[in-house]
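Heads up: the sequence lines are chains Y and S, in that order.
Just so you know, we're using the working numbering here: the first sequence kicks off at 1 and counts up by one.
Just so you know, we're using the working numbering here: the second sequence kicks off at 566 and counts up by one.
Keep in mind that the hints are not guaranteed to be accurate.
[To be verified] Heads up, simulated EDC-like pairs for lysine to aspartate or glutamate below, C-alpha to C-alpha not over 20 Å straight-line:
| hint | chain 1 | residue 1 | chain 2 | residue 2 |
| --- | --- | --- | --- | --- |
| 1 | Y | Lys291 | Y | Asp216 |
| 2 | Y | Lys548 | Y | Asp465 |
| 3 | S | Lys582 | Y | Asp329 |
| 4 | Y | Lys18 | Y | Asp156 |
| 5 | S | Lys582 | Y | Glu324 |
| 6 | Y | Lys559 | Y | Asp463 |
| 7 | S | Lys570 | S | Glu591 |
| 8 | S | Lys577 | Y | Glu324 |
| 9 | Y | Lys559 | S | Glu653 |
| 10 | S | Lys582 | Y | Glu326 |
| 11 | S | Lys577 | S | Asp612 |
| 12 | S | Lys577 | Y | Glu274 |
| 13 | S | Lys697 | Y | Asp41 |
| 14 | Y | Lys545 | Y | Asp463 |
| 15 | Y | Lys284 | S | Glu581 |
| 16 | S | Lys582 | Y | Glu217 |
| 17 | S | Lys582 | Y | Asp321 |
| 18 | Y | Lys4 | Y | Asp14 |
| 19 | S | Lys697 | Y | Glu274 |
| 20 | Y | Lys186 | Y | Asp208 |
| 21 | Y | Lys559 | S | Glu652 |
| 22 | S | Lys582 | Y | Asp216 |
| 23 | S | Lys713 | Y | Asp41 |
| 24 | Y | Lys291 | S | Glu581 |
| 25 | S | Lys577 | Y | Glu281 |
| 26 | S | Lys679 | Y | Glu481 |
| 27 | S | Lys679 | Y | Asp470 |
[Claimed, not checked] Short, incomplete list of chain Y residues facing chain S, as computed with Cβ under 8 Å:
| hint | residue |
| --- | --- |
| 28 | Pro229 |
| 29 | Arg235 |
| 30 | Val305 |
| 31 | Ser384 |
| 32 | Val386 |
| 33 | Gly393 |
| 34 | Phe478 |
To be clear, the hints were calculated from the coordinates, so they are not data collected in a lab.
Remember, it's a predicted structure, so these values are computed and weren't measured experimentally.
Every residue, glycine too, gets a C-beta built ideally from N, C-alpha and C.
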Amino acid sequence: MKIKNRKDLDKVKDDGMKSLFPKSPQISISMSTCGLALGADHLFQKLTEEKEKTGVKIALRQTGCSGFCNLEPILIVRLPGKPGLLYTNVTVKKTLKILHDIQQKKITTEGLLCTINSPASIDTPDIGLNDVPDYNQAYPFKHQHRILLKNCGIIDPLSVPEYVAMEGYSALYKALCQMRPEDVIKEVVESGLRGRGGAWFPTGFKWDMASKSSGDEKFVICNADEGDPGAYKDRTIMEGNPFKLFEGIVLAGYAIGSHHGIIYLREEYHHTFEFLNTAIEFAKQYGLLGKNILGSEFNFSLNIVRGGGSYVCGEETALMDSLEGEVGDPRLRPPFPIEKGLWARPTIVNNVETLSNVPLIIQNGGKWFANIGTEKAKGTKILSVVGNVKHPGLYEVPLGTNLKQVIFEMAGGPFNGKSIKAVQVGSPFGTFIPADKLDVTLDPESLKKMGSMIGSGVIVVLDQDTCIVDILHHLLTFFVEESCGKCVPCREGVSRMEELMIEIYNGRATINDLNLLNELGETARDFSLCALGGGAPAPILNGIKDFKKDFEAHIKTGKCLLPSK
Amino acid sequence: MEKEKIEKIVNKHRNEKSAILAILHEVQAEDNQLNTESLRYIAQLLDVPYANVYGLVTFYSAFSTDKKGKTLVRACDGISCHISGAEEVVEALKSKLNIEIGQTTWDEAFGLEKVRCLGLCSISPNVSFNDKTYSNLNKEKILEILQKVMGDSK
Numbered sequence: 001m002k003i004k005n006r007k008d009l010d011k012v013k014d015d016g017m018k019s020l021f022p023k024s025p026q027i028s029i030s031m032s033t034c035g036l037a038l039g040a041d042h043l044f045q046k047l048t049e050e051k052e053k054t055g056v057k058i059a060l061r062q063t064g065c066s067g068f069c070n071l072e073p074i075l076i077v078r079l080p081g082k083p084g085l086l087y088t089n090v091t092v093k094k095t096l097k098i099l100h101d102i103q104q105k106k107i108t109t110e111g112l113l114c115t116i117n118s119p120a121s122i123d124t125p126d127i128g129l130n131d132v133p134d135y136n137q138a139y140p141f142k143h144q145h146r147i148l149l150k151n152c153g154i155i156d157p158l159s160v161p162e163y164v165a166m167e168g169y170s171a172l173y174k175a176l177c178q179m180r181p182e183d184v185i186k187e188v189v190e191s192g193l194r195g196r197g198g199a200w201f202p203t204g205f206k207w208d209m210a211s212k213s214s215g216d217e218k219f220v221i222c223n224a225d226e227g228d229p230g231a232y233k234d235r236t237i238m239e240g241n242p243f244k245l246f247e248g249i250v251l252a253g254y255a256i257g258s259h260h261g262i263i264y265l266r267e268e269y270h271h272t273f274e275f276l277n278t279a280i281e282f283a284k285q286y287g288l289l290g291k292n293i294l295g296s297e298f299n300f301s302l303n304i305v306r307g308g309g310s311y312v313c314g315e316e317t318a319l320m321d322s323l324e325g326e327v328g329d330p331r332l333r334p335p336f337p338i339e340k341g342l343w344a345r346p347t348i349v350n351n352v353e354t355l356s357n358v359p360l361i362i363q364n365g366g367k368w369f370a371n372i373g374t375e376k377a378k379g380t381k382i383l384s385v386v387g388n389v390k391h392p393g394l395y396e397v398p399l400g401t402n403l404k405q406v407i408f409e410m411a412g413g414p415f416n417g418k419s420i421k422a423v424q425v426g427s428p429f430g431t432f433i434p435a436d437k438l439d440v441t442l443d444p445e446s447l448k449k450m451g452s453m454i455g456s457g458v459i460v461v462l463d464q465d466t467c468i469v470d471i472l473h474h475l476l477t478f479f480v481e482e483s484c485g486k487c488v489p490c491r492e493g494v495s496r497m498e499e500l501m502i503e504i505y506n507g508r509a510t511i512n513d514l515n516l517l518n519e520l521g522e523t524a525r526d527f528s529l530c531a532l533g534g535g536a537p538a539p540i541l542n543g544i545k546d547f548k549k550d551f552e553a554h555i556k557t558g559k560c561l562l563p564s565k
Numbered sequence: 566m567e568k569e570k571i572e573k574i575v576n577k578h579r580n581e582k583s584a585i586l587a588i589l590h591e592v593q594a595e596d597n598q599l600n601t602e603s604l605r606y607i608a609q610l611l612d613v614p615y616a617n618v619y620g621l622v623t624f625y626s627a628f629s630t631d632k633k634g635k636t637l638v639r640a641c642d643g644i645s646c647h648i649s650g651a652e653e654v655v656e657a658l659k660s661k662l663n664i665e666i667g668q669t670t671w672d673e674a675f676g677l678e679k680v681r682c683l684g685l686c687s688i689s690p691n692v693s694f695n696d697k698t699y700s701n702l703n704k705e706k707i708l709e710i711l712q713k714v715m716g717d718s719k
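Sequences and hints are given; from them, build the entire structure.
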């Protein structure tokens with residue numbers, strides 16, 4: 001059915017509540033890329049077989065990625081009149097036990113991480129569940145401020161009704177019925193939202209300029225070319241709650257006067273591509289994309305274009321080249337995309353996380369959003385904490401949260417009683433912050449003072465057994481592979497840096513070569529055309545300064561300082 | 566690849582802008598390669614210079630002018646996988662398949678590539694076999710998986 005008015009929206013919301021709080025037992029399995037990698041499909045099949053064999057009346061459904069792939073496969077059991085039960089790291093055996101317990105009207109407590117509470121769902125508190133924490137109180141969701149990821153891993157990501165039941169599309173409905181495009185922009189400006197892909201550009205300002213650009217055709221591009229190794233927040237949003245992203249994209253279109261959106265998705269996300277295409281079909285069926293959205297006069301179409309596996313295409317002008325069927329070469333600016341972007345039409349390019357924040361801002365107001373975070377950095381940021389930590393995963397925290405708190409309190413610190421050697425913050429271009437300087441708040445200004453950045457929110461934790469020379473060498477090979485080759489400082493400079501690094505790694509360099517490496521780095525940093533060549537030297541230059549011992553050991557002996565290597 | 570098949574794919578995307586990447590993806594998915602004949606025909610149908618199409622295929626790492634393996638093995642070499650032992654997994658793959666990165670086995674059953682980040686960084690190292698990904702790997706696990714996949718593909 002197409003949603004045409006408030007009544008229709010309420011009806012769909014009712015349907016969503018019914019499936020989230022079902023009258024008969026229901027099991028949902030997390031079936032995103034990560035769940036599938038750890039056997040969710042096998043689990044689903046086994047459960048289906050068991051259902052057929054025993055004739056047990058139980059509905060099988062699915063959820064998406066929650067950001068904690070190491071807890072997969074994740075299973076949510078919903079029983080009438082009880083809170084949802086979230087089980088982690090389930091196996092076929094454990095799942096069959098859960099199924100049999102449901103038949104016996106028992107609750108399995110083994111593997112039960114938390115309950116998912118909702119006042120509407122509980123008739124009487126269950127005494128057996130007294131010791132089980134609620135979602136907000138359980139590791140790893142505790143201490144987080146999940147506004148964007150709130151429903152990821154909880155709702156069925158392909159169910160429009162379930163998203164609507166969680167207040168989805170109320171922002172778009174509000175905007176289309178009660179707000180002029182300039183009112184939408186005003187709220188976004190007031191929120192202080194900035195680009196979450198790493199560039200940190202004020203979103204409202206960009207939209208305002210694009211709305212004033214003249215042109216009969218404009219484009220909204222969602223940058224989903226999530227290329228920073230270590231980052232997977234955009235994948236989680238897309239696979240966990242795609243309609244929130246779509247809602248944000250349509251809002252952006254309405255605000256700037258565009259009727260066509262494109263999601264540029266990175267090539268490596270195969271499952272996500274199929275998944276998003278299915279989600280778009282569902283959105284069309286409900287009248288949330290296409291003509292007369294939510295019964296209004298507003299039309300908006302959305303399609304997905306897969307990239308070709310090139311990191312530089314995450315840069316917005318290279319991305320547009322790629323969409324035009326060219327190789328991804330960054331363009332000189334001006335002209336800026338808001339004047340002459342895709343096919344020389346006014347275009348805005350926003351990251352997945354940025355756009356997904358917009359429905360929240362329109363629904364709750366720019367002021368509400370501006371109250372989260374710090375004086376200058378508003379809202380939350382999804383951090384992808386990976387590497388040598390006990391609990392890697394996606395942590396959504398208000399901007400301005402302390403880095404140490406994230407690593408130790410939330411992610412549990414390094415394992416096996418080891419100590420931390422360095423932490424890379426932001427992206428591959430982020431510097432490696434030494435262990436004694438981790439007491440820093442996560443906001444662009446504080447990080448900039450340390451020569452670092454918030455970037456796309458990757459936090460790579462390296463323990464004492466890491467050789468910085470090895471890590472920097474690994475990084476440099478990445479930059480060399482991904483340089484588009486257009487400008488000399490990046491094409492030649494970064495390649496020479498990599499060659500020198502190999503010589504250093506193998507003990508064939510002299511201490512003077514470090515000066516040469518520095519000089520090359522500074523040149524590439526200052527004279528490259530885009531952020532790839534300009535950003536690549538930062539971790540190297542800082543690494544030489546902060547971890548000189550590692551370099552000296554390699555130069556002198558051709559070996560790491562580490563006993564194991 | 567047969568001209569009719571290429572025509573079918575091109576016509577499907579005829580009215581779309583940004584179609585060429587999608588066309589290349591689909592032709593390669595069907596034929597495991599983008600050889601000169603296919604590229605020339607695509608260029609002709611789209612009325613763009615052959616050099617442009619060839620440029621795209623050589624620029625984007627997802628495309629290949631050489632025949633790729635029926636099963637494409639992509640070992641993740643992102644930072645998280647690197648830290649958690651991707652090298653050992655890659656070495657095991659190389660020695661078992663008896664090919665280097667970027668090569669295809671003699672019977673064209675397997676191709677081996679490195680990718681930077683499959684986006685599964687909290688369950689690394691990761692390797693994907695076509696669309697199926699395996700996680701939390703080490704040398705033993707990948708050899709076991711490979712054994713099974715090789716058996717299945719026979």
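Structure-based check of each hint:
For the given pair, Lys291(Y) sits about 18 Å from Asp216(Y) by alpha-carbon distance, which is consistent with the 20 Å threshold. Taking the CA atoms of Lys548(Y) and Asp465(Y), the gap is near 16 Å; set against the 20 Å cutoff, the hint holds. A distance of roughly 19 Å separates the Cα atoms of Lys582(S) and Asp329(Y); the hinted pair therefore holds under the 20 Å criterion. Between the alpha carbons of Lys18(Y) and Asp156(Y) the distance comes to roughly 13 Å, so the proposed pair stays at or under 20 Å and holds.
Only pairs whose Cα atoms come within 20 Å are accepted, and Lys582(S) paired with Glu324(Y) is accepted, the gap being roughly 8 Å. Simply put, Lys559(Y) and Asp463(Y) have alpha-carbon atoms about 18 Å apart, close enough for the 20 Å limit, and the pair holds. Between Lys570(S) and Glu591(S) the alpha-carbon distance is near 10 Å, which keeps this suggested pair within the 20 Å criterion. At roughly 18 Å between alpha-carbon atoms, Lys577(S) and Glu324(Y) fall within 20 Å of each other, so this suggested pair holds.
Between the alpha carbons of Lys559(Y) and Glu653(S) the distance comes to roughly 19 Å, so the proposed pair stays at or under 20 Å and holds. A C-alpha spacing of about 12 Å is found between Lys582(S) and Glu326(Y), which places the hinted pair at or below 20 Å, so the restraint holds. Between Lys577(S) and Asp612(S) the alpha-carbon distance is near 16 Å, which keeps this suggested pair within the 20 Å criterion. Taking the CA atoms of Lys577(S) and Glu274(Y), the gap is about 17 Å. The hint holds against a cut of 20 Å.
A distance of roughly 11 Å separates the Cα atoms of Lys697(S) and Asp41(Y); the hinted pair therefore holds under the 20 Å criterion. Note on Lys545(Y) and Asp463(Y): the hinted pairing holds, with a Cα-Cα distance of about 19 Å set against a maximum of 20 Å. Our distance criterion of 20 Å between C-alpha atoms is met by Lys284(Y) and Glu581(S), whose separation comes to about 18 Å. Taking the CA atoms of Lys582(S) and Glu217(Y), the gap is about 14 Å. The hint holds against a cut of 20 Å.
A C-alpha spacing of about 12 Å is found between Lys582(S) and Asp321(Y), which places the hinted pair at or below 20 Å, so the restraint holds. A C-alpha spacing of about 16 Å is found between Lys4(Y) and Asp14(Y), which places the hinted pair at or below 20 Å, so the restraint holds. Our distance criterion of 20 Å between C-alpha atoms is met by Lys697(S) and Glu274(Y), whose separation comes to about 13 Å. At most 20 Å may separate the alpha-carbon atoms for a hinted pair to count; Lys186(Y) and Asp208(Y) meet this at roughly 8 Å.
Distance check on the hinted pair: Lys559(Y) and Glu652(S) sit about 18 Å apart at the alpha-carbon level, within 20 Å; holds. For the hint linking Lys582(S) to Asp216(Y), the alpha-carbon distance of about 17 Å falls within 20 Å, and the restraint holds. Taking the CA atoms of Lys713(S) and Asp41(Y), the gap is near 17 Å; set against the 20 Å cutoff, the hint holds. Using a Cα cut-off of 20 Å, the hinted pair Lys291(Y) and Glu581(S) holds, with the two alpha carbons roughly 18 Å apart.
Between Lys577(S) and Glu281(Y) the alpha-carbon distance is near 17 Å, which keeps this suggested pair within the 20 Å criterion. Of the supplied pair hints, the one linking Lys679(S) and Glu481(Y) holds, its CA atoms being roughly 11 Å apart against a limit of 20 Å. Simply put, Lys679(S) and Asp470(Y) have alpha-carbon atoms about 18 Å apart, close enough for the 20 Å limit, and the pair holds. Annotation: Pro229(Y) was flagged as interfacial toward chain S, and the flag holds, the nearest CB pair being 3 Å apart, inside 8 Å.
Given hint, Arg235(Y) at the interface with chain S, holds; its Cβ is 5 Å from that chain's nearest Cβ, closer than 8 Å. With a cut of 8 Å, the hint placing Val305(Y) at the interface with chain S holds, because the nearest CB-to-CB distance is about 5 Å. Given hint, Ser384(Y) at the interface with chain S, holds; its Cβ is 6 Å from that chain's nearest Cβ, closer than 8 Å. At its closest, the beta carbon of Val386(Y) sits 4 Å from a beta carbon of chain S; the interface hint therefore holds under the 8 Å criterion.
Because the smallest distance between the Cβ of Gly393(Y) and any Cβ of chain S comes to about 5 Å, under 8 Å, the interface hint for this residue holds. Given the 8 Å rule on beta carbons, the hint for Phe478(Y) holds: about 6 Å separates it from the nearest Cβ of chain S.
Hint check: no violations occur; every hint is consistent with the structure.
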